[in-house]
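Start from the sequences and build out the full structure, keeping to the hints where you can.
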Amino acid sequence: MSELRFEALRHAELAYVNAAFGAGTHVVVGNEGDGTGTLIAVAAGSVQSAAGRVLLDGAAPWSHAATRRRIASLCATEVLLPARNVVTGLALSLRARGDTRSAMSVLDDAGLAFFATKRADALTSREARAIALSFALSHREPSLLALHEPLSAVGIVQEDFLLRTLRLHSDAGAIVLCTACRLEDAARLGGQTSALERGIWIAPAYALPPISTVTLRVHTAEPRRLAARLSEAPDISGVEWAGGHEVLVHGSELERVAQSVVANARAEAIRITALKSDAPPLGALAAARAALAQAYYERSAATGNATRPS
Amino acid sequence: MSGVLTGLALARERLRGIAPPVVLALGLLAVVAAAVLERQSDAASAPDDVLSGAAFGIALPLFAYFVSERACDGKRLDHSVDGVARFGTNRRAALLGVLLASALGSAFCGALLAIFAILGAHAPGSSALLGDLRASVGIAVLAGTVYALYFGAASLFGKRGGGRKWALIIDFIFGAGSSTLATPWPRGHVRNLLGGTPVVELSQTSAWLALVLIGAACVMLSVLRTPE
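Line by line, the protein sequences give chains S and P.
Be aware that the first sequence starts at 1, since it is given in my numbering, and climbs by one per residue.
Be aware that the second sequence starts at 311, since it is given in my numbering, and climbs by one per residue.
Hints are computed from structural coordinates only; laboratory data are not their basis.
Hints are not guaranteed to be accurate.
Some chain P residues near chain S, calculated using beta-carbon distances under 8 Å [what the hints assert, rightly or not]:
#1 R324
#2 V394
#3 P537
#4 E538
Which stretches of chain S does chain P cover? Using the computed rule of at least three CB atoms under 8 Å from a CB of chain P, they are [stated by the list, open to error]:
#5 58-67
#6 77-83
Every residue gets a Cβ at the ideal spot worked out from N, C-alpha and C, and that includes glycine.
This is the structure:
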């Protein structure tokens, strides 16, 4: 069974990523500014990470050609290899992969045969990505499919074809790692959802061990931003986000956790719609908050600086 | 082997287009013009002067530089094969293919430069024409090959392959002398083969060997500095 590991990975937007993926479909929610494009490029072995390691079955794709040969990828920006037209460019890509199939059959399978004679430099960026996607999906036995926003090529590539092929590879034991900037796209792709927010990794709920003594369930319209912010907060030992509007926040003391959640949400101007704790009850939390606010007020009043606590 | 062929095919695609033949034609015209002027000035020394000056001294390094630059798509040699390495081709093998393509291209340009320079410098029907052609084409092929390998290896220095530019400048400056400083660069040895001042009193046989060694060192450096 294949395994893809990111170990203390830092590169470009990626601040610190520690994650492991097994066979099956995994969707990372976030946009390019969050580092999703970089994550795919690093996973595919297209770029060397500045720090940390990326390992596919124990080998680094960047420096191991045989490992790269088992990876099918779609990067944020795709440029076809230099050629007179699309079909000759694809033929060169197939040769680079050691694939003996004809380029025309690859285009045919994806329903893109009409691109065959088009000049490679006349393609729009979306068309180039669609052709690169069809090439990635044509891989016979990939260990890893690393695809950046594959659904953005839908319209040129049929969605049915894309999802069916991903499912086939996933069922065959491949790791299908996709990125999506919208939760709806993540739902369409299926599988386990995790996220990147400004380069910070937010693991899916199932991936985190039950470490906390207290847990707060925070509901917000912006769970990724809040989770990213909280993951850096000192009073919080763990943040989990399962893909919905709820973020689970773990810590050792409920008051400190709640204070940290509120303070960080305020600092980021994130609206919290609900705050629930598994135990103790929210009444105790409200009392703690009120007491804390009172303490801040009295202190600022005593120093003559009547500002509200943040 | 398939990686080398993939690199070769990649570089061949990059060397296609209208610009390379146009630049080559203009360069050949300039060399012929220089050769004719040399012949009118001093017919006896014209072949040597034009070969060591305009043809091998200026045009050949510049052509080899442009061929290397274009074959590498203006990037570092190792980064120039990223497009095919991504699909599983061994970078080192692909890099050898790119070096092979640029060496063949430069050798071809060098041979044409030598032929046009000799034809322009010799009077029609000259008895030395064939002998000069044979000798200078051989030197041109080796010099073109070594220059291509030299520029390819040099491009591995600098973030965007700026080492290639420095290699051209260094070859012009240090290679022009005949001291030990001129030993690692191709220019002095090519001049020696053409009958000019030798580098550190090396014989012409040693100059052949020195060029082969420079080329081999460049290939080794390129391979060793590139990950699989």
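Status of each hint after checking the structure:
1. Hint status for P:R324: holds, given a least beta-carbon distance of 5 Å to chain S, under 8 Å.
2. Of the supplied interface hints, the one on P:V394 holds, with its beta-carbon coming within about 4 Å of a beta-carbon of chain S, less than 8 Å.
3. Residue-level restraint check for P:P537 holds (minimum Cβ-Cβ distance to chain S is 4 Å; threshold 8 Å).
4. At its closest, the beta carbon of P:E538 sits 5 Å from a beta carbon of chain S; the interface hint therefore holds under the 8 Å criterion.
5. Figure legend: the segment 58-67 of chain S, annotated as covered by chain P; annotation consistent (5 residues with Cβ-Cβ distances under 8 Å, at least 3 required).
6. Beta-carbon proximity to chain P at under 8 Å applies to 4 residues in the segment 77-83 of chain S; the threshold of 3 is reached and the given coverage holds.
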